[in-house]
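2 protein chains.
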Amino acid sequence: MPSSNSSIVQQPVRTVFFISDGTGITAETLGHSVLAQFGVQFNEVRLPFVDTLEKVHDAVRRIDDAFEKDGTRPIVFSTLVKTEFAGALQSSKGMQMDLIKTFVDPLEHELGIEPAHAIGRSHNIANSIEYENRIEAINFSLAHDDGQSHKNLESADVILVGVSRSGKTPTSLYLAMQYGIKAANYPLIPEDFERGKMPSVLAPFKEKIFGLSISPERLAQVRNERRPGSRYAALDNCRYEVSEAEKMMRTEGIHWMSSTAKSIEEIAVMILQEMKLAKRSY
Amino acid sequence: MPSSNSSIVQQPVRTVFFISDGTGITAETLGHSVLAQFGVQFNEVRLPFVDTLEKVHDAVRRIDDAFEKDGTRPIVFSTLVKTEFAGALQSSKGMQMDLIKTFVDPLEHELGIEPAHAIGRSHNIANSIEYENRIEAINFSLAHDDGQSHKNLESADVILVGVSRSGKTPTSLYLAMQYGIKAANYPLIPEDFERGKMPSVLAPFKEKIFGLSISPERLAQVRNERRPGSRYAALDNCRYEVSEAEKMMRTEGIHWMSSTAKSIEEIAVMILQEMKLAKRSY
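Residue numbers (the numbering used here), protein chains in the order written: chain A, 35 to 316; chain B, 35 to 316.
Simulated from the structure, these hints should not be mistaken for lab results.
Do not take every clue at face value.
Straight-line alpha carbon distances no greater than 27 Å define the calculated DSS-like cross-link-like pairs of lysine-lysine that follow [claimed, not checked]:
1. A:K135 / B:K127
2. B:K89 / A:K127
3. A:K310 / B:K135
4. A:K89 / B:K310
5. A:K89 / A:K103
6. A:K135 / B:K310
7. A:K116 / A:K89
8. B:K310 / A:K310
9. A:K135 / B:K116
10. A:K103 / B:K310
11. B:K127 / B:K89
12. A:K116 / B:K116
13. B:K103 / B:K89
Since we're looking at a predicted model, the values are computed, not measured.
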């Protein structure tokens, strides 16, 4: 579809294909990064698990059909590791962005190793140690969400603290899911501010604590979606909680950052960096 | 480090850099897919948020230091959207895999649009509708994990069912986190098998149900890690539960698959495909 951005001339319809012998997550991730630079919308088609020659031929037909229909050349981001499949895809009328061939060929030359051209190597395989770590981290993070459990806090890799709705839960789950990091999280609540101290159960783990803050305006907006018109969501209350929480983080000398206007991915990677945490799994 | 794979000649140490002006997730994702084809281990260095010329120069120094130390050319996967930064990185002694330039330049020609070369476009920005959908989906999936709540099941996009430890929780969270899909999940328990019916609360939502199964051997292994030597984890009990669950899924005529030896990503994408669910967010 054409973009609604008025600074850009109306564009013809363009279809983008993400074609993979696996999940297609790699093709989509890179494709989105590249396409985002052009500020127009594309008609997206995902074709995962294209792992037989028959499915490749079907993909070629769909690309050629889109070419007929749109009157513009479809753009094809593909990760087909088998040379035979990648070659068959080339027969389509699309503009080919072969992510594997583009980088594997020069690397083969540089490394002097023949590539395996084997499917399904890019994600954790179930049963591997990395996979087990990841599942364990997800279970840990779920069990230690919102201060639910104080058990085994010593095995946490990081403990996120912050006022309610500052982004602790999605960040903890993302750290576990993507990186195999055991991330507990604890809310900072008015009782903590009155005492002027972090929850005492966290005292032995100070070096693992990372604080998330948020702008009071954004916090009020988020809380109002959950409990409209409540004291909890009132801007003056949000201002008080955020100011007290930040004061506490400074006093205790812990690492912290604001989650306002950051994506979950950005917050997670910043925490990895600040806390010098090695990822446990891809 | 050299690979322990005996079929491969001992390789010299190679350092791989993932350099980005953002989180580096795109560079890492594609880099891993490509490197996985070579079956050797690399010494990995991540440099996210390289968003000033000073940081680019620091990255160049680190690449050149690795070259000195290893005696082999480092491999550099980079996503620096600013032409000035990408250009400055080229002065290093590394082997450059510039993921942006490689694909943006030909696309510029094809689309006839000038790329923005703007940082931070590849992930959801907080405040956007997609971002809100994603957070809402995570909250929904958490609230509806393991049959915890029957409320608002009508707004679920998918309801996963399966025996305890068949992979429902990580899959639900991944669907929410990555795709903004509201995924509830319900355990199938011995009481359900005795009645020979799905939990009655799910009856109105049959078209949203997707089943996960698992091999009894794998299930026993997973359950034994959690409750060693228990009846719950015994192989004959796992065989009974899996057989009853699969029988029920067939009788009810719902879509289902085995999660054995599949990654969370693979299971999630297969569910999207089978249930014809459009992703709600990147």
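Going down the list of hints, with the structure as the test:
1. A:K135 / B:K127: holds (23 Å)
2. B:K89 / A:K127: violated (41 Å)
3. A:K310 / B:K135: violated (30 Å)
4. A:K89 / B:K310: holds (18 Å)
5. A:K89 / A:K103: Given that 27 Å is the threshold and the Cα spacing comes to 21 Å, the pair holds.
6. A:K135 / B:K310: violated (30 Å)
7. A:K116 / A:K89: holds (13 Å)
8. B:K310 / A:K310: With a Cα-Cα distance of about 40 Å, the restraint between K310 (chain B) and K310 (chain A) is violated, given a limit of 27 Å.
9. A:K135 / B:K116: Roughly 25 Å between the alpha carbons, so the hint for K135 (chain A) and K116 (chain B) holds.
10. A:K103 / B:K310: holds (23 Å)
11. B:K127 / B:K89: Given that 27 Å is the threshold and the Cα spacing comes to 16 Å, the pair holds.
12. A:K116 / B:K116: violated (33 Å)
13. B:K103 / B:K89: Distance of about 21 Å is within 27 Å: holds.
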